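Residue numbers (my numbering), protein chains in the order written: chain H, 75 to 326; chain Y, 369 to 486; chain R, 70 to 199.
These aren't lab readings, by the way, just hints derived from the structure by calculation.
These numbers were taken from a predicted model, which means no experiment stands behind them.
Note that the Cβ used here is the ideal one computed from N, Cα and C, for glycine as well.
Treat the hints loosely; a few may be bogus.
[To be verified] Among chain R residues calculated to face chain H with C-beta under 8 Å, some are:
1. W135
2. F138
3. K160
4. T161
[Said to hold, decoys possible] With a Cα cut of at most 27 Å, we get these calculated DSSO-like pairs of lysine-lysine:
5. Y/K482 to H/K311
6. H/K121 to R/K160
7. R/K160 to Y/K370
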Amino acid sequence: MVEPRTRNIRLECLRYAPGIDAAPRMQAWDVPFTDDMSVLQGLQYIKDHLDGSLTFRWSCRMAVCGSCGMQINGVPKLACETFLRDYLPAIRIEPLANFPIVRDLVIDQADFLAKLESVQPYLIPRAPRTLAEGPYRQTPGQMDAYYQYSQCINCGLCYAACPQYGMNRNFTGPAALALLHRYNSDSRDAGKAQRMEVVNAEDGVWGCTLVGYCSEVCPKGVDPARAVNQNKIESTKDYFRHLLMPRGSGSR
Amino acid sequence: MKRSNKPIFWSLFGAGGMLSALIGPMLVFLTVVAVPLGLVSKQTMDYPRALAFAQSGIGKLALLVVISLFLFHGMHRLYHTLHDFGVHIGPGAKALCHGLAILGTLVAAYLLFKLGWA
Amino acid sequence: MSARQTYTRPVAGWWRRNPFYRAYIVREMTCVAVIAYALELLVGLGRLVRGPETFEAWLTSLARPWPIFLNCVALLLIAYHAWTWFEVMPKTLPFISVGGRRVPDRAIVASGAIAAVIASLLLLLAFLYL
Numbered sequence: 075m076v077e078p079r080t081r082n083i084r085l086e087c088l089r090y091a092p093g094i095d096a097a098p099r100m101q102a103w104d105v106p107f108t109d110d111m112s113v114l115q116g117l118q119y120i121k122d123h124l125d126g127s128l129t130f131r132w133s134c135r136m137a138v139c140g141s142c143g144m145q146i147n148g149v150p151k152l153a154c155e156t157f158l159r160d161y162l163p164a165i166r167i168e169p170l171a172n173f174p175i176v177r178d179l180v181i182d183q184a185d186f187l188a189k190l191e192s193v194q195p196y197l198i199p200r201a202p203r204t205l206a207e208g209p210y211r212q213t214p215g216q217m218d219a220y221y222q223y224s225q226c227i228n229c230g231l232c233y234a235a236c237p238q239y240g241m242n243r244n245f246t247g248p249a250a251l252a253l254l255h256r257y258n259s260d261s262r263d264a265g266k267a268q269r270m271e272v273v274n275a276e277d278g279v280w281g282c283t284l285v286g287y288c289s290e291v292c293p294k295g296v297d298p299a300r301a302v303n304q305n306k307i308e309s310t311k312d313y314f315r316h317l318l319m320p321r322g323s324g325s326r
Numbered sequence: 369m370k371r372s373n374k375p376i377f378w379s380l381f382g383a384g385g386m387l388s389a390l391i392g393p394m395l396v397f398l399t400v401v402a403v404p405l406g407l408v409s410k411q412t413m414d415y416p417r418a419l420a421f422a423q424s425g426i427g428k429l430a431l432l433v434v435i436s437l438f439l440f441h442g443m444h445r446l447y448h449t450l451h452d453f454g455v456h457i458g459p460g461a462k463a464l465c466h467g468l469a470i471l472g473t474l475v476a477a478y479l480l481f482k483l484g485w486a
Numbered sequence: 070m071s072a073r074q075t076y077t078r079p080v081a082g083w084w085r086r087n088p089f090y091r092a093y094i095v096r097e098m099t100c101v102a103v104i105a106y107a108l109e110l111l112v113g114l115g116r117l118v119r120g121p122e123t124f125e126a127w128l129t130s131l132a133r134p135w136p137i138f139l140n141c142v143a144l145l146l147i148a149y150h151a152w153t154w155f156e157v158m159p160k161t162l163p164f165i166s167v168g169g170r171r172v173p174d175r176a177i178v179a180s181g182a183i184a185a186v187i188a189s190l191l192l193l194l195a196f197l198y199l
């Protein structure tokens, strides 16, 4: 069997030890790699052989868990589906932008998770349904209306990409608004009116200026930019409806 | 959470953006590039023709809509771009930007009124 | 759990760090050209009110090098605005289906561009012949 070609690449990683470092610093290692190795595998090599203290999140190694989001040469990417062979001679790895750094490449997700919760991300049915009524039925067309928005793996790359979130942490943000839109677009859901308060707020859809980088970096094709900007139209309709018929609009 | 008033300004921004996207390039080319350079006969924009246009109902409407919507589009975007650059001049900036668009609209309306009718 | 001593990185100058962001800023800055042209029209309108000599003098001044150069720059910026406007238009519209199949984004962009071409041609004809 022919041995795969091994080359070396320099991995430069951000290091930050809370309570010890006043500010982050960079540390570099030379890592041997074969062409099939991902950035994640490069980091695992460092942890296993060169510096066991290097800290990073990972799990599935196949771009479905959303754990390994990082800035790779300044671009938010999943480390498990980014390959070392594309980054010779040196690669710069930093934690996901716009999030506070907990340690090394690990960021504080608390705000991200809170934003997801804030959109009521569950089906709010029209009427209570008994088991005897059986499952909901959906046509392929009805599923198509929300399918891509349901593909979000909560990796946070879109928040790292979004400069509006970077400048204003109160902005609800791409993934949360895409999730909101996922439920609003689902034929089984009747909770749109309840979610409008989040949509209509200054930090709701109106925090977005359609930079569009969120959709560019999304590893799952969710297209959060679309979800957010369609809701600008919904918010506008709701605004004028509220202006003209304050009692009947169904939202505050 | 307080309901944002953005929809009003965003609608004006959108209308101005669409208008300037559809006819902006041709409009700019004809009026301030082609005519001064003589690529198009200077007669198309001479005083009698320009006056007749501005005195007509459709001309007044066209000029008012273009000036107003272009200003609302531009000022809304300018306000947000200043924010993107990290220039935080507070709520006064919002009033100033949209105020200038309103002022421009009023000045245009006044001038069109002053020109009278054909 | 003890309070984390997290580190928050400064975001100032974010738009310089990435070609995607720089293109976004150029797109947004086209608003300067849109405002400038609107003000130019406003000035022209003012000159029109003052009378034939003033208006003709204004038209003559537009033919000088600096105004021509600046107006050409404005033209390029407004053209870039038009292009980028249609490019993002699909993101603002709900999914459109024709005959059971979803209309792809590039078709929406193309129809916007075509609408602009038609509108521009109509404007040209009106400008020359009406």
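How the hints compare with the structure:
{"no.": "1", "hint": "W135", "in the structure": "violated, 32 Å"}
{"no.": "2", "hint": "F138", "in the structure": "violated, 30 Å"}
{"no.": "3", "hint": "K160", "in the structure": "holds, 5 Å"}
{"no.": "4", "hint": "T161", "in the structure": "holds, 5 Å"}
{"no.": "5", "hint": "Y/K482 to H/K311", "in the structure": "violated, 37 Å"}
{"no.": "6", "hint": "H/K121 to R/K160", "in the structure": "violated, 42 Å"}
{"no.": "7", "hint": "R/K160 to Y/K370", "in the structure": "holds, 26 Å"}
The earlier numbered hints that this structure contradicts are 1, 2, 5, 6.
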